[in-house]
Structures are given as structure tokens and as C-alpha cells.
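Enquirer: Knowing the structure of chain A, use the given hints to seat chain B on it.
The chain contents come next:
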Amino acid sequence: MNASANKQPHIAITCAYVPVEIISAAGVTPIRVIPLPRASEAEPFIHPLTCGYIKSLLAAGMKNDLSEMAGIIIPNCCDGMRKLNDIWKNYVNIPSLMLDVPKKTDSLSIDFFASELRRFADRVHQQMKSPNAVTGQSLALAISFWNQVRRKMSDAFSAMEKTGMSGDQYLQYMDMMKMEPDSMMEAIKQMAADIAKQTIDHHKIPVMVSGSLFSDTELVDHIDRVGGRVAALDSCIGSRYFNELVEEKTDDLFHALAKRYLEKPTCPRMISLSGRIDQFMGQIRSSGAAGVITSAMKYCDTAMYDQMPLLQCIRDAGVPYLVLENSYDGDMSEQEKNRIEAFFESLKKEV
Amino acid sequence: MFRNMLTLMEQQTTEALKKKTSARGLWFNGWAKETLAALDAKKPVVYTTAYAFPMEILRSFDVVSFDFELACGLFGAMGMLESILETAADKGMPSDTCAFHRAAIGASFQDILPKPNLMVTTSFFCDGKAKTNEIMARKYQTDVQYLYVPLEITADSIKYVKSQLLQITKKIESKTGQKFDMDRFKEVIEISNRAREAQLKMLELQKLSPAPWGGSDMFAYSISGQMFDGSPLKEKINQAFISEMTSRHENKKSHPERHRIYWMAWFPTYQSNLNEVFKTNQVSIPVCESFRVNWEPIDPDNPFEGLAIKCLKNIYIGNNDRRMENMDQIVSDYRINGAILFATPACRHSKTAFRVISDRFAELDIPFLLFDMEIGDPRQYQSERTRTRIEGFVEILNRKNGH
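Protein chains in written order, with the numbering used here: chain A, 1 to 351; chain B, 1 to 403.
Treat the hints with caution; some may be incorrect.
Pairwise CB distance ranges, derived in the manner of DEER restraints [claimed, not checked]:
hint	chain 1	residue 1	chain 2	residue 2	range
1	B	Asn398	A	Pro131	54 to 62 angstroms
2	B	Ser95	A	Thr135	35 to 43 angstroms
3	B	Gln382	A	Lys178	42 to 50 angstroms
Think of the hints as simulated: they come from the structure by calculation, not from any bench. Just so it is clear, the structure is predicted and the values come from calculations on it, not from any experiment. The beta carbon of each residue, even a glycine, is placed where N, CA and C say it ideally should be.
Only chain A is shown next, with the shape it has when bound in the complex (with noise of 0.2 angstroms):
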């Protein structure tokens, strides 16, 4: 790995569901990464009915968009991303790791992956040549200090979500998970700070917001304009990536990682349908939502059956919801800006 002197190596991290503890244990910093949507510039050599994010991915690598990054980290989150690793090996220069993740939470499964996360650990020394070796102390200090950035942030995105989020809030929350954990620690906290400033405007009207990897800060705006609020978020970088802590008191570390990491709140991407529509289920009722938008990726398999069972829960609970999709090209059009427009409408009236 390269650093400079005082400097620890960066590893992308392209999923909530890797380990970042482990990361940072070996002496390295995990870095979030959100890339710029530029899709076609991939696709001579992925196919392109492929995701927006995987494609973007792929050409934020092949683009040096990722020359600071000393390796990347890519779980088997979908048929997508294991294929994208694939690819990745074969045409960019940056050192990529797979991370088998298991799809189901029973304890044959946590167990499983305990084991490929000592794996996993042993191969961010070995392969991505890591300064350090993953110790059981370095391991605890990790732990820790992620649990602390996860509890701030936890409680910064929970008020954010009370007050409702402004596109350019949304945009702030995305820039700081791609900071470094210490600078993400201070931005956290000023963040929190800013929004205790806010109060919660009852003229506009809360809704929920659920996409797979949500970036789009041009829908929080707009949702905004047209007299709403976004009071909770279901998506990958929404509380699903910071919720639930790892368990510090414990022998076995491995197995406290591979237990918060696999009964986190469920995404898509996992086995367990009934799970996720409690949750959800649960989320609109938590955050008082009169209403649900999704925006599902194109392409985006998981999310996309996911789609039919979650709508016909919520139309038997009555919630009103617009389905809108999006192809991570960062852009809205006027079309689905008038269906947002006309969906408050809708709601201001039953409201």
C-alpha cells in the first residue's frame, strides 16, 4: 500500500455491509464511496443493464477517480457487485477484495461469517498488505470507536429526520460519510449542532422516502419545495448503515461483528421479506409519515422485488405512495418533478 509519512492508506468501502472496524484495525482508513453518476463511461465493459451505482463504480475506478485509494472492498451484496468485482480485477489498477456476505441471520449464518471475517481480517494484511496485522486490541479500539460514530450519527440523522432534510442537508450527510472517521466525527457533531438550531415546520408534510443507494438530493429538494418534509429515509446510507451497535463486552469479536453486521436493519439485498416489511412498515409509522415515495435504482434487483410486496402493505394500510425510479444519473425531470407536485396535492387534501 502507498501513504504518505504521517498518513494512514485509504480502502474504499462501497457497502454498509463491510466491516469498517476491521478496516481500520489493520491500520487503514475506510473511506465511503458515493461516486459521481457516469454510467456510460463503464459500459464498454460491463454490460449496460446494469445498475446506475454499480456502473458509476466501475468508472470511478477505471477513471483514477479512486487514485488515493490503496485497495477497494466489495461485498457480495447482489449478483451485481460479485460480478463487478469480476471486472474490476481485469481492468482496474486498484487492488479489490471480495467480502462474502451471508443473505440470512440464523446463527449457522453469523457463524459462517465470523469465520470470513478472521479471513477477511488475515486478507486485508496479506493481499491489500495492510500496515498492521488485525489484533484483538486494535480490534476493540475499532469497535468502539465506530460504535461512538455510530451513536452520533444515529442521533444526528433521527433529528435530521424530526426537523425534516433539506437537499443540501442530504448533500452535507453524504459528503461526511465519505470523510475520514475523524474529521466525520467533528462534521457529525457540528451537524447535530446546526440541526438543534431547526424546528420542525408543521405546514409541510412529512413522508418517507425509500430507495436502494438514495443520492439524490434534487428529490429532497424538491419534496421540500412543494411543501414536504422527508421524515425518514429507507435506504443503504439512510439509518440502516449506522443503526445497531457491535457488542463490546465479549470474547469473540469476530462474532460480535458478524452477529451486528447480519441482524442490522435489513436491506434489500437480504433474505427476509417478512423482516423488511416490519421495518418499514414500522418506519412509516415511527416517523409519522402521510405518505410514501420510493425511488427504486433501475436495475437494482433486490429493491425491485422487494417493490411489489412492500406497495401492497402499504396500500392495505392506506398510506398513499408514488413510485418513482431513478437511474443514478443525478438528474430529475420535469416529468416526475409534476408527479411529486401533484402527489402533495394529493396529500394536502386527504391531510
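Expert: Then chain B, alone, in the frame of chain A:
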């Protein structure tokens, strides 16, 4: 209509088999019987992923298995797909998801499918199959047993898969009220091992020129034939194929061929002109990736571990390298002069990394075609487009081979 068509299929194949044994007859007769038995539900019905989940375990119980993806192959042949897909769309299934899964969901809402007592599925080949199982389990208010198969073969992953197989076996016991019979299981394993030997023989015969099995049958059998794994019928079908292939070769009845293609991924399940275009252009498919044998015989004294390893070795799990393993040997053994990857829109796992595959074939100096065509939705089919693309590829092969 589905039941009626299946009954007709069973009757016609039974009559045909009385006159002459044929591999296709046995195969379709068995398929019709198994599906009708699932509809009749006189035995517990287990939904499964027949081409991935070890069918040997189910064959050790007195149950009927049903694979809704394979049923879509029947829907295609029966002309039922359009209406079923419309039902799925009405229910909110996005059109960018796999046509097979939409068809299964649509069919379940039309009450065409048998009712499951239990569902078992796997993490391979794809995410969508497992998700579809969950959706249908919710509709039928039953359990899904999900076999997660890790990406790499390690002592821990073998232990994990084996433990899950044992757990699933216990679940089948509790759902069916039947006790798992280890002796019967061992017999089933022996049958499976013999079927494997026969499959190797079939692959050996395919090295002949012209290939005695030239079109899409091998591909179709490589997937749907697995529903008979562990049953005496599988042995019978394989032996019948061997006999027919041998006879075809000895009597010079194999279709003439100019080009021999390595086929990757799938084949459309509705009526299309693909086979006709291949025949007209003297293109044969001596080998497809889904028919290759990459597992060892299962040890009957350690069957669960053997099956776990067989699952872990599946070429559609893990790295793309598995699909291209020993490709230079295959190209040489089968005298392959072209490769086609069938790319149906929603099949992310089989086509996303096509470039890696095409570059590997380029290293072997084998022309490669990424052939975008819908597998299960006949509304997306365009016959002239199919013809143009395949004939364009054949022109490349002709030029390369001096035809």
C-alpha cells in the same frame, strides 16, 4: 388450461413411448407426470430450485417437487406466457425483473400453480429466484428454506453448506411427517453418480463431428433434466440419449455442421426461430456451459458433505474464472470455433461481466457474440433481429474459417 396441456403431454408421450423409447419422450413424460402429481397434491408438494438445490435430498422423501422457473418453460411452449406476464404487471412486478419470476408470480395469482407445503431454494444462480420464493411463500403462507452457498470453497464454507443441508432435511421431515431414510438416500446418491458417468459419456460423444446433439436440446436438458437427479428415470433418459446419439453418429444422421459453438447461459423458452437459424447456417452447439460436469462422484458414506461440495463448485457461484476454467482444453477437445453468451435483459449474474469472458475468448482467438435476447417474454421477441444477429456472427465465422 395448464393441467389440460400437461395431461395431453403425458398422454401423447406415453403413447409414443409404447411404440419406441426415446430420450425426449421419457424426459417430457416424466416432466408432465411430476408436474401433474404436484397439481394433484396427493403427496406433499415441495417447491424447489431443481437445477441448483440437491434434488437427491428430495428424492429420499415421498414428496413431489415443483420448480416454477422450469414451469415457465412449459408456459412458453403452451403459449400462456403473455396473459401470465400481464397479471404480474398488474400486481406491480417491475418489468425489469426476470420474465421467469414475473411469470411465476403472475401464474400464482391466476391460481395455475400447485400449492406448496414447503419451499426450498438456493442463493445460486441468482438473487431474483430467492426473492421470488419469498414473495410466493408470503402468498401461499408457507416457509422458505434458503440454502446460502458461499463464494469460495473452504473448510468453513463446506461445513456451513453441509449444516444447512442437514437443517433443511430436518425441516422437510417436520413438514411432511416423514422420517429421513439414510439407506434410501445412499441409493439415490449411487443413482446420481451413475447418471453423472452417463453425462460424461454424452459429453464425450459430443466431441464427434458432426455433433450428434446439435441444437438447444442439450441446453434445455441441462437445466430441466436436473429435476430428475437421483431418480432411476434420469439414468434411463441419459442412457436413451447415449443410444440415440451413438446411433445418429453411426448412421450419419447428425445435422451437417460448419461451425461449432460454445453456448453460455440460457435459451428462449417460447417458440422462436433460433434453432431454425442455426440449422440453416449449419451451426451446432456441441457443448454448453450448463451441461459440463465439474463435480466429483458423491461419496455415499458422506453424502451431505459431497453434495455441499457439489453446490460450492457450481460455475455460477463466485468468480467468473470458473465459467472459463479449462476453456483452452474445451476449445481444443470440441473444436469450438465460436462462442455465444445468451444475454437476457434481467439476468445480471450471467452477463454483467461479459467483457471478461469476451476478452478471454479473444486470447484464444475465438470469435464471441454477446447475444441480447429475451428468455421468457415473447412480446420482446423479434424474429428478424434474431436472424440478423446470428447470421452476422456466422459471416464472421465463415470469413475466419475460409468458408
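Enquirer: Going through the earlier hints one by one, which of them does the structure break, listed in rising order?
Expert: Those not satisfied come down to hint 2.
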